[in-house]
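J.: Heads up: the sequence shown at position 44 corresponds to 44 in the working numbering, and the numbers run straight through without jumps.
Check before you lean on any hint, since a few could be wrong.
Said to hold, decoys possible - Computed spacing ranges between beta-carbons, pair by pair:
(1) 16 to 332: 17 to 25 Å
(2) 247 to 269: 15 to 23 Å
(3) 50 to 307: 36 to 44 Å
(4) 268 to 19: 49 to 57 Å
(5) 16 to 145: 46 to 54 Å
(6) 211 to 16: 52 to 60 Å
(7) 138 to 237: 12 to 20 Å
(8) 72 to 213: 51 to 59 Å
(9) 281 to 180: 32 to 40 Å
(10) 236 to 81: 51 to 59 Å
(11) 273 to 201: 53 to 61 Å
Quick caveat, the hints were computed from the structure, so don't treat them as lab data.
The C-beta atom is built at its ideal place from N, Cα and C for all residues, glycine as well.
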Amino acid sequence: MKAVLMTAPGVPEVLQLRDVPEPRLTSDTALLVRLKAAGVNPIDTKLRKRGTFYPDQMPAILGCDGAGVVEAVGAQVKQFHIGEAVYFCQGGLGGAPGTYAEFAVVEERCVAPKPATLSFAEAAAAPLVLITAWEALCDRARLQAGQTVMVQAGAGGVGHVAIQLARLMGAQVYTTVSTEEKSALARDLGAAATIDYRTTDPVAEVMALTQGAGVDVSFDTVGGGVLSQCFAMTRVYGDVVSLLAPDPQTDWKTARDRNLRVSFELMLTPMLQGLDSAQAHQSEILHRCAQWIDQGKLRIILSHTVPLAEAAAAHRLLEAGSCLGKIALAIAD
1 MKAVLMTAPG
11 VPEVLQLRDV
21 PEPRLTSDTA
31 LLVRLKAAGV
41 NPIDTKLRKR
51 GTFYPDQMPA
61 ILGCDGAGVV
71 EAVGAQVKQF
81 HIGEAVYFCQ
91 GGLGGAPGTY
101 AEFAVVEERC
111 VAPKPATLSF
121 AEAAAAPLVL
131 ITAWEALCDR
141 ARLQAGQTVM
151 VQAGAGGVGH
161 VAIQLARLMG
171 AQVYTTVSTE
181 EKSALARDLG
191 AAATIDYRTT
201 DPVAEVMALT
211 QGAGVDVSFD
221 TVGGGVLSQC
231 FAMTRVYGDV
241 VSLLAPDPQT
251 DWKTARDRNL
261 RVSFELMLTP
271 MLQGLDSAQA
281 HQSEILHRCA
291 QWIDQGKLRI
301 ILSHTVPLAE
311 AAAAHRLLEA
321 GSCLGKIALA
331 IAD
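Using the sequences plus the hints, can you model the full thing?
T.: Okay, structure coming up:
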């Protein structure tokens, strides 16, 4: 089969299209999926630059997100059948091969039926960001109807989904953006207010919007100094969730003085630590989100679809930081 191999850590050009053996089922509970598309995520570019979690297993096939059609099933697979369209997030961290390929072997517990209203490219772009936003808002922050939420970078991959999920949960959403185009998208997705962080102090604006109280929940999808910014704009006894490791200069004093509940969200943890029940929970998230997608309540914004052979170009595009929503690799018609 054709696959894009990461031959060494480095620049995008280390991603090379090669012929490799087609994978076989690895367990009685696994599915062989003929991939139609793969999502491209920041974790892919980070692993490409610095090396994978398993540096002794090179070359590697990157890509956690995938969508395609079931080609074969293990003897104990109960929920899926050959020919069914599915989407999932598994592999691609340097151990199990990822989705930058024509086929992938996936455990049943990680798979969900593809939303019928999405193309394969749109579906492939969805799993990681759906799971991340859901776990951050529902599982970590315990978001409730009637609360106020700040979503940092609301036009990004995770951010644009987080705005919609928060609205579906009955929350009022504010978000930061950097262009008029991103502001328009965020408002279209349900944000009550957008803040251009280039020209406006987000903390001052949020405090004005909340009459000095601060938001109930802040969601940091950016990292660096944004985590401290989130502390400063969150109400006393509020929640802050971050996707990134804290900056050495993080203002922990404000977090402590406000009795904030601070959480971290890494949706890869179940995969990295072999937590089967947590992976099954992530599959349930995909099932629920697929229902909302097919009901027209949740959208996946796909800005670019790039051929598999041009994975390096997709990485350059993502690293440029100007895309709305997500990027996907097209693998087959």
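J.: All hints, please: hold or fail.
T.: Hints versus structure:
1. 16 to 332: 17 to 25 Å: Since residue 16 and residue 332 have Cβ atoms about 19 Å apart, the given range 17 to 25 Å holds.
2. 247 to 269: 15 to 23 Å: Roughly 21 Å apart at Cβ, these two residues keep to the hinted range, so it holds.
3. 50 to 307: 36 to 44 Å: About 26 Å separates the Cβ atoms of residue 50 and residue 307, which means 36 to 44 Å is violated.
4. 268 to 19: 49 to 57 Å: Hint violated: Cβ distance 29 Å, outside 49 to 57 Å.
5. 16 to 145: 46 to 54 Å: holds (49 Å)
6. 211 to 16: 52 to 60 Å: Because 56 Å falls inside the window, the suggested range holds.
7. 138 to 237: 12 to 20 Å: Between residue 138 and residue 237, where Cβ atoms are some 19 Å apart, the hint holds.
8. 72 to 213: 51 to 59 Å: Distance hint for residue 72, residue 213 holds at roughly 56 Å.
9. 281 to 180: 32 to 40 Å: holds (38 Å)
10. 236 to 81: 51 to 59 Å: Cβ of residue 236 to Cβ of residue 81: about 53 Å, so the range 51 to 59 Å holds.
11. 273 to 201: 53 to 61 Å: violated (39 Å)
Hint compliance for this structure: hints 3, 4, 11 are broken, all remaining hints hold.
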